[in-house]
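Residue strings, one per chain:
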Amino acid sequence: MNFFDLKGLLQPLGAVKQLGKKPHTINYPYETKRTADRYRGLHYNDLEVCIGCGNCSTICQNAAIDMINIDGITAKNGDSGLRPRVDNGRCCWCALCVEVCPTGSLSLTKDYIYVTPDANAFLWTPGVSNPDAKNNISFTSDTNLSLSMYQRVPMRELDGMERVKSFAEVVLGYSEEEARAEAQRCISCGLCSNVCPDHMHIPEYINAIAQGNDNDALKIIYDNNPFPEMCGKVCTRRCEDVCAIQVRGEAVAIRWLKRYATETAPTAQKIKDIVNPIIAEPNGKTVGIIGAGPAGLTAAYYLALRGFDVTIYEAQSYAGGMTMFGIPKYRFPLDSVKKQVEYMESIGVKIKYNTKVGRDISFEEMHTAYDAIFVGIGFQKAWTLGIENEDIPGCIAAVDYLNIINRGDSFDVGKKVAVIGGGNVAIDGARVSARYGAEVTILYRRRISEMPADWEEIEGAEHEGVHIAIQTIPTRIIKGENGKVSGIEYLKAEMIADENGGRPRPVAIEGSETILECDTVIGAIGQEADYSWLPESFKAKIEIKRGMMIVTNEFNQTGDPKVFAGGDAVNKTADAISAIADGYMAVKGISKFLLGN
Amino acid sequence: MDNLQIENNILETIKTAFKVEGKVVREKRVEITAHKQLISSILLFAKNQHNYIHLNHITCVDWIEDGEFEINYIIWSPTTKNTLIIKTRISRENAQMENIDNIWDQANTYEREMREMYGIEFPGLIGEHEFILEDWDEMPPMRRDFDTLEYATKTFYQRPGREDAKDVREELTKQSGEEIPEFAKKYSREK
Chain L
1 MNFFDLKGLL QPLGAVKQLG KKPHTINYPY ETKRTADRYR GLHYNDLEVC
51 IGCGNCSTIC QNAAIDMINI DGITAKNGDS GLRPRVDNGR CCWCALCVEV
101 CPTGSLSLTK DYIYVTPDAN AFLWTPGVSN PDAKNNISFT SDTNLSLSMY
151 QRVPMRELDG MERVKSFAEV VLGYSEEEAR AEAQRCISCG LCSNVCPDHM
201 HIPEYINAIA QGNDNDALKI IYDNNPFPEM CGKVCTRRCE DVCAIQVRGE
251 AVAIRWLKRY ATETAPTAQK IKDIVNPIIA EPNGKTVGII GAGPAGLTAA
301 YYLALRGFDV TIYEAQSYAG GMTMFGIPKY RFPLDSVKKQ VEYMESIGVK
351 IKYNTKVGRD ISFEEMHTAY DAIFVGIGFQ KAWTLGIENE DIPGCIAAVD
401 YLNIINRGDS FDVGKKVAVI GGGNVAIDGA RVSARYGAEV TILYRRRISE
451 MPADWEEIEG AEHEGVHIAI QTIPTRIIKG ENGKVSGIEY LKAEMIADEN
501 GGRPRPVAIE GSETILECDT VIGAIGQEAD YSWLPESFKA KIEIKRGMMI
551 VTNEFNQTGD PKVFAGGDAV NKTADAISAI ADGYMAVKGI SKFLLGN
Chain Y
1001 MDNLQIENNI LETIKTAFKV EGKVVREKRV EITAHKQLIS SILLFAKNQH
1051 NYIHLNHITC VDWIEDGEFE INYIIWSPTT KNTLIIKTRI SRENAQMENI
1101 DNIWDQANTY EREMREMYGI EFPGLIGEHE FILEDWDEMP PMRRDFDTLE
1151 YATKTFYQRP GREDAKDVRE ELTKQSGEEI PEFAKKYSRE K
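So the protein lines, in turn, are chains L and Y. Using the working numbering, you'd call the opening residue of the first sequence number 1 and step up by one each time. Using the working numbering, you'd call the opening residue of the second sequence number 1001 and step up by one each time.
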C-alpha cells in the first residue's frame, strides 16, 4: 500500500454530490408529523355547549369520568351546572364518552403528549385545563353514525282531511313495540324532571317502559300526578324542550310515552289495581276544595290518600275543569276524563257537581265547615275583544264555545268563521269549527312564529284547512240585516321594531281596512279568573293582584293560613301541569298546617 | 351493462357451488353466510379459483342474545378489487372454530387474538395462549357479559382528589326538590 493513497483521500469527497438534495435524516429543528384525522388524544369539552347530562360519566367503562361543579358555571333550565373531569390515568381513549355525548361538546384532540412527574396532575377538566385544545380537535361524534338515537319514533296520526270529518282522536298513540323503542332513546339524565313544574320522575318511568315494566311506569307516574292521561295527551311538555337529545336531534317523546303508560290501564279499576295506592286511616281533618280542575283534583287525590276527608265543589256537571271543557275531544276524549275522575272517586274523593261556591254554598259556610280550603278556580271568564258589536248574536268567546260543544250541546257556527287570537284556545276554536264544516280564518296580530300556540297545533290546523291571516287587527264586527254577525272588519298591520329591544309590535296600516265575511266570530285573546264568590270581608287577607291570587309560600298558602290556592289563578304559566304541581305542593302545605308534618 | 356484474357473478358462483345464502352489499362488496363446516372450503375456493388471495381481517361479534358468536372472514381480490365477506355463526357454549392458518399464515394471529379475547378454541392452533393480556384469569374480556366497569373498579385504585364527584340525577333532584320514591329508584340511572 502506498503511503500516499490518492483514492483513499478523494473518495470521501464523493459525498459532495449529495449537496442540495433533501436529506433522509430527521430535520433539525424537529418537525412534528401530522397526526391522523380521527386521532383519539386527550379530551376537550366545549363548556358552553355542554349541558352536564353526565352521559359520558355513565358510559365510561373505566370509571374515569366524574361530574363536578366548576367555577363560573351555574345550573339553569336544561343544564345541571356540572361538567366532566377525566382521570387520564384511567382513560383508555376508547372514545365512548364522545360517541354518546348528546350535545357533541365532548371531543378528543390530536394532543397526546403530556409529561409530568406529578401523578395527580393527570386529573383534569377538559375545556378548563386545556382551553387551547379547541383548535386541535380530531375525534368528534357524528349524529348520523352514533350509538345514541337522535330520531324519534314517529307518532301515527289521522290524516288531515280525515280528521275534520269527526271528533275522533287525532293522535293514535304508540304501540308496545314503538313505545319500547322510543323509551330506549332516553339517557336518564333528569334535566326534564327539573323543568317539569310537577317534577315528575321522568327518567324512571321511561326506563320502566324501556325495560317492559309498564305497571311500574304507571305507578311511578301516579306518585305525583293523578291526572297523567291528560298530561300524556295535551301537556305543554316543557320537559321536551330541554331534553338532552333535542340539542342535536329530536327530543324523547316524553308526553307520548306517558300516554302509552296510561293507556295500558283502560279502566278506573285497572288503574287502582296497578297503582294499588296505600290509603291512610282517616285523620279526622276535613278539606273543602273549590273547583274540580287539575289543581283541585290533584290536591283532593293526595289529601284523600293521606287520610283527609275531602269534598270538591264543582259548578259544572263534569269534573276536569278547563281540561274537560276547554280542550276539544279530538285531543282529549271524554272517556279519558271520566276514567281518571272515576279512579279518584274510588279512593275516596267526593265531588259535588253543579254546586257553585258563592251561589249554592257561600265561601263563609265553607270556611267554617272545613279545617282547610283549597281554591282551584282557574280562568273561566274570557277577556272581551273591546270592539264594536261584540255582544250581538254570532259572536262568542272561544272558552264558552268549547264549553258548549264539550258538554254535548250544539252551536251553529254557520259556513264561515273568524277566530281572533293565536294561542291554543284560538286554535282549538278554529279546529272545532272546521269539524262542523265551516271555512275558518284565524286573525292574529303578529307573525305565525310568534303565536303562543303549540307548533303541532298550528300545523294540525293548517292541515285541516284552517287559514291563518297574520298581522291583522280586528276593528269592528259587522251587524247584518238580521241583527246577527255578517262579517268582521280588520286592519292590516306591519311589524315595527321595538326601541326598547322587546319583540316587534304590530302597528295598523292606515286605510288598510278589509272586510271578512263570516257568520260567527270567536274571540280567544285570553281569560281571567272570576272572584265574585269571594266576599269582601276576606279580601283583606286573601290578596288579589292584577287578577291573580297571591300565595305567600312554596306550599301555596294565601294570606289566610287556612286557605290554599293553585292553578291558573295563581301561577303565571297557566297550564295544566303547573296546576297539578300547585295542587301537589298545597297537599304538603295542608298536611303541615293541619297535622304538623 | 350492469354495474354489479362482477359482484353478481362471484355471488352466483359461490351460491351454486356451496348452496349458501348471500347478497351483494354494494359495489365491490359481496357477503356470504355459510355453515361453519363450509368455511374453509369456501375460502380455499375463493382463494384458488377466484384469486381472493388477500386475507384482510377475521372479526368476531358476540350475539349474546342468540347465544352465538359471529365470525367474519374478510378477503380481497387484487384482480377485481372486490371484497368478499364470509360470515358464520358458532355456538357461544364451548365455542370452537376450524383453524385456517394453513390457508393464510397470518390467520394465526387473528385466531390467537380471538382465542384470548372471546375464548374461541381453534383445534390445532399453534402459538402461545397468552397473546396480549398478561396473567389474565378472568372471563375473556371481549365477551359481552364481561363487566369492564366492575373489573376496572376492582383492579385499579381510585386516585385521591375525586371525592367531590356528583351524581347528576341526585344533584338535579337537590336543585328542584323532587322526591323520587324508593320503589322507583331502581329505574334511576346507574351511578
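Mixed in with the good hints there might be a few duds.
Using C-beta positions, here's what the derived DEER-type ranges look like [said to hold, decoys possible]:
#: 1; chain 1: L; residue 1: G559; chain 2: Y; residue 2: F1183; range: 53 to 61 Å
#: 2; chain 1: L; residue 1: P23; chain 2: Y; residue 2: D1105; range: 36 to 44 Å
#: 3; chain 1: L; residue 1: G596; chain 2: Y; residue 2: K1174; range: 20 to 28 Å
#: 4; chain 1: Y; residue 1: T1016; chain 2: L; residue 2: T264; range: 27 to 35 Å
#: 5; chain 1: Y; residue 1: E1190; chain 2: L; residue 2: E536; range: 40 to 48 Å
#: 6; chain 1: L; residue 1: E462; chain 2: Y; residue 2: E1093; range: 52 to 60 Å
#: 7; chain 1: L; residue 1: G212; chain 2: Y; residue 2: E1150; range: 48 to 56 Å
What the hints contain is simulated information worked out from the structure, not anything from laboratory work. This one's a predicted model, so the numbers in the text were calculated from it and none came from an experiment. Yeah, the Cβ is synthetic: ideal placement off N, Cα and C, and Gly gets one too.
TODO: Please test the hint of 52 to 60 Å on the beta carbon pair from E462 of chain L and E1093 of chain Y.
DONE: For E1093 of chain Y against E462 of chain L, whose Cβ atoms are near 59 Å apart, the range 52 to 60 Å holds.
Open item on the list: Verify the CB-CB distance for G212 of chain L and E1150 of chain Y against the hinted window 48 to 56 Å.
Closed with: Cβ of G212 of chain L to Cβ of E1150 of chain Y: about 25 Å, so the range 48 to 56 Å is violated.
Task: Hint check for T264 of chain L and T1016 of chain Y - Cβ pair distance inside 27 to 35 Å - done: Violated, at about 52 Å.
TODO: Can you let me know if the beta-carbon spacing of G596 of chain L and K1174 of chain Y is within 20 to 28 Å?
DONE: holds, 25 Å
TODO: Confirm or reject the claim that G559 of chain L and F1183 of chain Y have a C-beta distance inside 53 to 61 Å.
DONE: violated, 38 Å
TODO: State, for the Cβ atoms of P23 of chain L and D1105 of chain Y, whether the hinted interval 36 to 44 Å holds or is violated.
DONE: holds, 37 Å
Open item on the list: For the hint 40 to 48 Å, verify it against the beta carbon of E1190 of chain Y and that of E536 of chain L.
Closed with: violated, 58 Å
In summary, the numbered hints that this structure violates are 1, 4, 5, 7.
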